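Novice: Using the sequences and the hints given, assemble the complete structure.
Number of protein chains: 2
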Amino acid sequence: MDRLVNRALSGDHRAIARLISLVESESPLADGIMRSIYPRTGRAHIIGVTGSPGAGKSTLVDKMIHRFLDMGRSVGVIAVDPSSPFSGGAILGDRLRMQNHAVDSRVFIRSMGSRGSLGGVSGTTGEAALILDACGKDVVIIETVGVGQSEVDIVKLADTVCLVLVPGMGDDVQIMKAGIMEIADVFVVNKADRDGADKVVADIRMMLDISFRGDWRPPVVKTCAERGDGVEDAVSSVMSHREHVLNSQEGRLRRLSRIEAMVEAVLRKEVSSLIQREWGKRRSEGLLEDLLLRKVDPYSIAESILDEVLCSK
Amino acid sequence: MDRLVNRALSGDHRAIARLISLVESESPLADGIMRSIYPRTGRAHIIGVTGSPGAGKSTLVDKMIHRFLDMGRSVGVIAVDPSSPFSGGAILGDRLRMQNHAVDSRVFIRSMGSRGSLGGVSGTTGEAALILDACGKDVVIIETVGVGQSEVDIVKLADTVCLVLVPGMGDDVQIMKAGIMEIADVFVVNKADRDGADKVVADIRMMLDISFRGDWRPPVVKTCAERGDGVEDAVSSVMSHREHVLNSQEGRLRRLSRIEAMVEAVLRKEVSSLIQREWGKRRSEGLLEDLLLRKVDPYSIAESILDEVLCSK
Chain A
1 MDRLVNRALS
11 GDHRAIARLI
21 SLVESESPLA
31 DGIMRSIYPR
41 TGRAHIIGVT
51 GSPGAGKSTL
61 VDKMIHRFLD
71 MGRSVGVIAV
81 DPSSPFSGGA
91 ILGDRLRMQN
101 HAVDSRVFIR
111 SMGSRGSLGG
121 VSGTTGEAAL
131 ILDACGKDVV
141 IIETVGVGQS
151 EVDIVKLADT
161 VCLVLVPGMG
171 DDVQIMKAGI
181 MEIADVFVVN
191 KADRDGADKV
201 VADIRMMLDI
211 SFRGDWRPPV
221 VKTCAERGDG
231 VEDAVSSVMS
241 HREHVLNSQE
251 GRLRRLSRIE
261 AMVEAVLRKE
271 VSSLIQREWG
281 KRRSEGLLED
291 LLLRKVDPYS
301 IAESILDEVL
311 CSK
Chain B
1 MDRLVNRALS
11 GDHRAIARLI
21 SLVESESPLA
31 DGIMRSIYPR
41 TGRAHIIGVT
51 GSPGAGKSTL
61 VDKMIHRFLD
71 MGRSVGVIAV
81 DPSSPFSGGA
91 ILGDRLRMQN
101 HAVDSRVFIR
111 SMGSRGSLGG
121 VSGTTGEAAL
131 ILDACGKDVV
141 IIETVGVGQS
151 EVDIVKLADT
161 VCLVLVPGMG
171 DDVQIMKAGI
181 MEIADVFVVN
191 KADRDGADKV
201 VADIRMMLDI
211 SFRGDWRPPV
221 VKTCAERGDG
231 VEDAVSSVMS
241 HREHVLNSQE
251 GRLRRLSRIE
261 AMVEAVLRKE
271 VSSLIQREWG
281 KRRSEGLLED
291 LLLRKVDPYS
301 IAESILDEVL
311 CSK
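Chains A and B, in that order, give the protein sequences.
Start counting the first sequence at 1; every next residue gets the next number (our numbering).
Start counting the second sequence at 1; every next residue gets the next number (our numbering).
Worth flagging that the hints you see were computed from the coordinates, not collected in a lab.
Note that this is a predicted model, so its numbers are computed, not measured.
There could be a bad hint or two in this list.
One copy or two, it doesn't matter: identical chains are merged, so the pair holds either way.
[Stated by the list, open to error] Pairs of lysine-lysine, DSS-like flavour, derived with a Cα cap of 30 angstroms:
1) Lys-199 - Lys-281
2) Lys-281 - Lys-222
3) Lys-281 - Lys-156
4) Lys-222 - Lys-295
5) Lys-199 - Lys-295
6) Lys-156 - Lys-295
7) Lys-156 - Lys-222
8) Lys-281 - Lys-295
9) Lys-222 - Lys-199
10) Lys-199 - Lys-156
Specialist: In structure tokens:
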């Protein structure tokens, strides 16, 4: 195991992939891996890229990777596949496109599922990001479809959150309403050659005028990722935000709350596996039957399990 | 509290609403409420209605309510609002339409958020469904947007899952691929007056021919919910499935696994609140600073908290 970790820390992509797989599968080795790499973390710039399905996130990420490579940075990408019954296909297609980079030793791309993690999605995704950080990637991009709470949690793992919008999806105003403004550090209006792009930009700016507070006013960047237009601006906005995060009180608070979330995720994961073990020991056909017949209730069962497991409630 | 529970059990909508609010807000009273109502549960037909945004779920549910009322059944509806930044607006609009029924004493409609529940969304939604069941609703409809894991979990709470599709959304094939076939007990092709409806029906049937196994072959029903067409068929398919569930081995297994999931959800909720309490006691500016500087790692902190809280790991 030490050898595998050392190989990963020296930048070996196969070893990195293996570590992430162990973490993702919640191997008993995962905790040991994370403990040994943790002191090496905290150097990478973690960028979250989110937005509606069809906003062109993958193409944008693709172009951003190129830009970072041109600047001499190594890049890790974690694409969180929501495994949603309603979007599985499109995402798979996107991933195939991104594999262009897979041959480049400075880019590591990994797709991760968002199902069935004991510590929640943000748990294993966060750990994978830390692994890439420890293993020397200068930039770690977490790409996720922005629907659902779990995706919002993922986004909170990032130093910088890039929200990708497109004209004509009709969701511009809704986004504003629902308060996603607060999570975006950089707005990217992609497919900006389409009608209505300027309207989207104006809407975002207006909303910022009304609701913005704090030290960092999120810039609004127009891109046409397919053609590469505006990608340089997007990357430099993202990098300016990084500077801001490193040198401001706001950024410090953000790092603290991220660490807190990490402790909670680790606790949650440990406790969930404990629960599954304890319930597994006690569950029996007879007990389930009693539950079904309403002779006992789930709350009393849960209480008796907790009484046994916990020192003090 | 006993008086409130008794009023709810006798069908008083204001008391029911109050109980659900207590459960939703994770009040310390929630467990007591659930214990006292649990023996009265197990009678309602719990129906999950899911599908992409824009599939017309709310209109369909609206018409289904009417149909059940005509048959002399009382109805409870829990609309799970994913609070998604990308869909907030539309869902609010749908809910407003459904309020037509709010005046009818045989219909109880409640919108629930899907954020920030300790036991996960399925926890509180399941509890609300049990409350409606105990309080005498013959039919409990859980309506949810079918994206993301948490929504799939909700759907698993139901006796009967109704998957709503529409022509021309381009997601028909993807749905098949991603294995949502397994969760659907009844397929509803809504907006069936649109071009391509028969194609969607044929696609579903073909997929069922290939992949279907088990005792219940999910029927495919065409509706045009806006005009009320086909709603009667949809409701009778849903009711036939209920008969099947009550009288088959498959249905028994389903009820058992639902009860198991409930015990796990209760355990998870209890343990999560314990963790938040314990972590809250220990967290300090100094500890967070040490974490930030990588002097300690989150895994060791979590371990020491668990060591203190648990009798045996």
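Novice: Please list, smallest to largest, the hint numbers that this structure does not respect.
Specialist: 1, 2, 4, 5
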